[in-house]
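Novice: Residue strings, one per chain:
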Amino acid sequence: MSSTSQLGLILGDSTNLAASTEGAALFLIKILLIVAGFLYVCFGVIVTRQTAVMKKTLITPIEPAIQLLGLLHLFVALGIFVFFLFL
Amino acid sequence: MPDIFDASQKHPSQGSVSDTTGTTAVDTATEPETSAEVARRPRRHVDEYSEVLRQETATSGNSFQAWLPKPHKVFFDTQMSDEHVLLLLRRHPITQVPWILSAIGLALLPFLVAAVFPVIQFLPVRYIMAALIGWYALVFSFGFESFLMWFFNVYIITDERIIDVDFNSLIYKNISTAKLDNIEDITSTTGGAIRSIFDFGTIKIQTAAANAELEFEDVPHPAKVTSVLNELLLEEEREKLEGRVN
Chain A
1 MSSTSQLGLI LGDSTNLAAS TEGAALFLIK ILLIVAGFLY VCFGVIVTRQ
51 TAVMKKTLIT PIEPAIQLLG LLHLFVALGI FVFFLFL
Chain B
88 MPDIFDASQK HPSQGSVSDT TGTTAVDTAT EPETSAEVAR RPRRHVDEYS
138 EVLRQETATS GNSFQAWLPK PHKVFFDTQM SDEHVLLLLR RHPITQVPWI
188 LSAIGLALLP FLVAAVFPVI QFLPVRYIMA ALIGWYALVF SFGFESFLMW
238 FFNVYIITDE RIIDVDFNSL IYKNISTAKL DNIEDITSTT GGAIRSIFDF
288 GTIKIQTAAA NAELEFEDVP HPAKVTSVLN ELLLEEEREK LEGRVN
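Line order of the protein sequences matches chains A and B. Take the first sequence: its position 77, counted from the start at 1, is 77 in our numbering, and no numbers get skipped. Here our numbering runs 87 ahead of the position in the second sequence, where the first position is 1.
Please note: incorrect hints may appear among the correct ones.
In silico DSS-like pairs for lysine-lysine, Cα to Cα no more than 25 angstroms straight-line [said to hold, decoys possible]:
1. B:K160 with B:K311
2. B:K291 with B:K157
3. B:K291 with B:K311
4. A:K55 with B:K157
5. B:K160 with A:K55
6. A:K55 with B:K260
7. A:K55 with B:K266
8. B:K311 with A:K56
9. A:K56 with B:K266
10. A:K56 with B:K260
11. B:K157 with B:K311
12. B:K157 with A:K56
Take a look, some chain B residues computed to stay more than 12 angstroms from chain A by CB distance [what the hints assert, rightly or not]:
13. Q142
14. W154
15. L267
16. R282
17. N317
18. E323
Calculated from the structure, these hints are not laboratory results. Only a predicted model underlies this, so the values are computations on that prediction, with no experimental measurement involved. Ideal placement from N, C-alpha and C gives every residue a C-beta, glycine not left out.
The shape of chain A in the complex, shown without the other chains (with noise of 0.2 angstroms):
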């Protein structure tokens, strides 16, 4: 083989590499972002929950705006969730 082939081969594993190194990482950090969304979604039910529970205890007139803005919260969390699956 000749040299400028070989060059050629090595300075192509090298980019082959890069890209495989490059794709790794994007990769990892996708599954981190979809673990972080799932936790997400988990701490925007706990939310939910909660203000429902809250608006049990002190009845105010200001409440439903409170616990609409809870379940937003959540749709929220699921499009971001949905989001960092299709990323």
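With chain A's structure known, arrange chain B on it following the hints.
Specialist: Okay, now just chain B, sitting in the frame of chain A:
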């Protein structure tokens, strides 16, 4: 010569006596009230016995205030049918400034990081967008949770009890209740420049109940709260003396 009064005879104008001046005095002597009649007497309105709350106008329950005298449409889950909420307190809004500033700082942090450490710019655009969305979702969660902690951690004074509602975290709730009869001692503490300027402090209430001490932390107008509690204690004593205990 004037007639000699004879008590054994029933006078025609029973209950009224005419004197020589022509005026008529009405004899208002009546039978004393029985204890049942006294007990049936309606409870006095708070404005009748509390000078502090008499000067306060009733507030809407929609308010985000920390001092809510005579709030409309505010109830709690263990409230009795004839019990009225006289005062709803929260921690003074100035105590929430640290987390508000923290949330603002966290919101601005990505821009600082991008300017100082441009490492993230090597990521694909959608990953940068995902990271930003995730970051601001966390910041919003932090702010929302802090707001819920402030809004629902309340101190309630009714005409029967004092209630301390504590949500120490989203999954831990503690409600302490003490009847006004069981209050032994009230201590109000206002220390420091910030507390003096914004007029908020901590009130410690010693009780004879199972919960020896209730603490109203960083509530506005601690002197007024103490006065209201003292007036309520006096009214409770008065109710006991008059036999109007419910």
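Novice: Now, for every hint given, state plainly whether the structure supports it.
Specialist: These are the hints, each one checked on the structure:
1. For the proposed pair K160 of chain B and K311 of chain B, the alpha carbon gap of about 23 angstroms is at most 25 angstroms, so the pair holds.
2. At roughly 22 angstroms between alpha-carbon atoms, K291 of chain B and K157 of chain B fall within 25 angstroms of each other, so this suggested pair holds.
3. The suggested pairing of K291 of chain B with K311 of chain B holds, with an alpha-carbon distance near 14 angstroms, which does not exceed 25 angstroms.
4. Annotation: proposed proximity of K55 of chain A to K157 of chain B holds, straight-line Cα distance about 20 angstroms (limit 25 angstroms).
5. A C-alpha spacing of about 13 angstroms is found between K160 of chain B and K55 of chain A, which places the hinted pair at or below 25 angstroms, so the restraint holds.
6. Among the hinted pairs, K55 of chain A with K260 of chain B is consistent with the structure: their alpha-carbon atoms are about 13 angstroms apart, no more than 25 angstroms.
7. Under the criterion of a C-alpha separation no larger than 25 angstroms, the hint pairing K55 of chain A with K266 of chain B is consistent with the structure, at around 23 angstroms.
8. Proximity of K311 of chain B to K56 of chain A is assessed by CA-CA distance (about 29 angstroms); at most 25 angstroms being required, the pair is judged violated.
9. Of the pairs offered as hints, the one joining K56 of chain A and K266 of chain B holds, with about 22 angstroms between alpha carbons and a cut-off of 25 angstroms not exceeded.
10. For a cut-off of 25 angstroms, the pair hint linking K56 of chain A to K260 of chain B stands: about 12 angstroms separates their Cα positions.
11. For the given pair, K157 of chain B sits about 14 angstroms from K311 of chain B by alpha-carbon distance, which is consistent with the 25 angstroms threshold.
12. Distance check on the hinted pair: K157 of chain B and K56 of chain A sit about 20 angstroms apart at the alpha-carbon level, within 25 angstroms; holds.
13. For Q142 of chain B, the shortest C-beta to C-beta distance to chain A comes to about 23 angstroms, beyond the 12 angstroms cut-off, and the non-interface label holds.
14. Distance check for W154 of chain B against chain A: the nearest CB is about 15 angstroms away, which clears 12 angstroms, and the non-interface claim stands.
15. The Cβ of L267 of chain B lies farther than 12 angstroms from every Cβ of chain A, with a closest approach of about 20 angstroms, so its non-interface assignment holds.
16. No beta-carbon of chain A is positioned within 12 angstroms of the beta-carbon of R282 of chain B; the least distance is around 25 angstroms.
17. Consistency note on N317 of chain B: stated as away from chain A, and its beta-carbon is indeed over 12 angstroms from all of that chain's, at 25 angstroms minimum.
18. With a cut of 12 angstroms on Cβ distances, E323 of chain B stays outside the contact zone with chain A, its closest approach being about 24 angstroms.
Comparing the model with each earlier hint shows a violation of hint 8 alone; every other hint is respected.
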